[in-house]
Amino acid sequence: MNNPPDISQDPAEHEEYAHNVQKHVRGYLTVGALLLAFTGITVALSYVDFGTRKANIGVAMLVATLKAGLVAAIFMHLAAEKRLIYRVLIFTGLFVLALFWLTFLAWYNPVVR
Amino acid sequence: MEIPYTISTRPDTGLWNAKIGIWLFLASEVMLFGGLFSAYIFLRLDAQPGEWPHGLLNVPVGTMNTAILIMSSVTVVLAWAALKMRRYNAYWWYMLATIMCGVIFLFVKLYYEWPQKFEHYGVFLKPSALEKYEQYLGNNRRTEKGMEPRIEISGHLHNPEAIKDPSIKEYEIGLDPVFVDPNNPTNDRPHFLYVPPTDHIAKIEKEDVERIDSFGPWHSAYFASYFTITGLHGAHVLAGVLVFIYMWLPVSKKLYQRNPEHLANRVEVCGLFWHFVDLVWIFVFPLFYLL
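Just so you know, the sequences run in chain order A and B.
Per the numbering used here, the very first residue in the first sequence carries number 1; after that it's consecutive.
Per the numbering used here, the very first residue in the second sequence carries number 1; after that it's consecutive.
Read the hints as simulated data drawn from the structure, not as lab findings.
Possibly wrong hints are sitting among the right ones.
[What the hints assert, rightly or not] Covered by chain B, per the in silico footprint, the following chain A stretches (three or more residues, Cβ under 8 angstroms):
no., segment
1, 25-37
2, 50-57
3, 68-79
4, 86-94
As the structure is a prediction and not an experimental result, all values here were calculated from the model.
Even glycine gets a Cβ: it sits at the ideal position worked out from N, Cα and C.
Model the full structure from these sequences, guided by the hints.
Take a look at the structure:
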């Protein structure tokens with residue numbers, strides 16, 4: 001869906017192809033506008049008191065994850081990519097979770113001040 | 001010797017090689033930034049009450065830089081699409097726009113945001129001296145309201161020679177507005193617009209001071225992680241800009257004339273790197289500027 005196909009060598013098909021890519025371009029512009037809007041929303045929400053700081057952090061991270069998702073899915077073409085890349089990313093996700101888990105473990109072994 | 005599978009796809013992977021290469025590299029980058037972000041979480045959770053500062057960075061400038069980075073992500077993907085449509089002129093302009101965005105981002109960081117921090121000072125008071133400076137701290141009201149205490153007074157240091165000269169017995173600080181009116185509820189949360197230090201000078205005796213530091217990486221765990229993560233991120237922006245400049249120079253036009261799809265693939269790979277850099281900033285911005 002996100003990857004325009006390779007250009008045809010046949011000049012007759014060229015125009016139709018260019019038109020096709022143009023449709024993708026409109027999508028990229030829409031996503032760019034959405035990302036800018038979400039940035040504004042993130043800033044605005046940080047001045048709203050959600051009760052606790054943890055709640056504010058949660059809301060901001062939710063919006064950030066949404067933005068990151070848009071960048072990854074549309075700009076980085078992950079919405080329609082080959083299986084091998086998904087496999088690489090699944091392992092990346094697992095390893096990074098393990099890394100955060102190590103930090104979490106350290107929490108139970110505090111340095112006594 | 002021709003490097004295989006730079007344009008055509010490998011039958012077993014279904015991908016051209018550089019694409020797998022860049023994704024493996026990005027996977028290692030996730031681990032690099034992941035390690036730093038987990039350090040950030042650990043330091044933040046471990047901070048004592050009042051130790052993790054809020055509202056010390058310039059939010060409008062940070063927002064502008066975020067917008068610039070987002071726009072550059074759009075222009076780089078448009079540059080790639082232009083190459084796919086074989087419109088080199090459009091590609092050239094989009095690439096130039098991307099490079100300019102990267103340069104502006106770095107310029108704002110290195111010539112505006114960072115230097116300002118190195119000229120701003122914070123005085124950490126000894127716990128026994130907090131009561132003495134209550135007029136600047138407003139901690140009685142904060143304790144009543146269940147808020148974290150203030151343990152630092154910050155602003156412009158009028159006598160920097162006092163840091164090294166033992167004969168000078170006090171620091172003269174041109175206070176940040178929050179310490180001029182500490183009990184004003186509007187100062188409980190960070191302001192959106194940056195407000196510079198005032199002319200209201202507070203004299204703080206050295207014997208009451210635990211330590212004095214400028215807002216550099218040595219100031220606190222907060223600034224240490226801020227400079228480490230934004231510094232590493234800035235290095236990535238610089239690397240991206242350098243590669244884009246190469247892609248934009250006439251040398252790349254020669255490649256385009258030889259095989260336009262080859263250049264398109266190169267731009268796609270660099271674009272993936274650039275989007276990742278944007279993606280990291282999407283998390284850096286709220287974590288350091290807003291929360």
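Structure-based check of all given hints:
1. 25-37: It holds: at least three residues are needed, and the segment 25-37 of chain A offers 7 whose Cβ sits within less than 8 angstroms of chain B.
2. 50-57: With 3 residues in contact (Cβ-Cβ under 8 angstroms with chain B), the coverage given for the segment 50-57 of chain A holds.
3. 68-79: Three-residue rule met by the segment 68-79 of chain A, so holds; n is 5.
4. 86-94: Contact hint for the segment 86-94 of chain A vs chain B: holds, 4 residues under 8 angstroms.
Against the hints set out earlier in the document, no violation occurs for any number.
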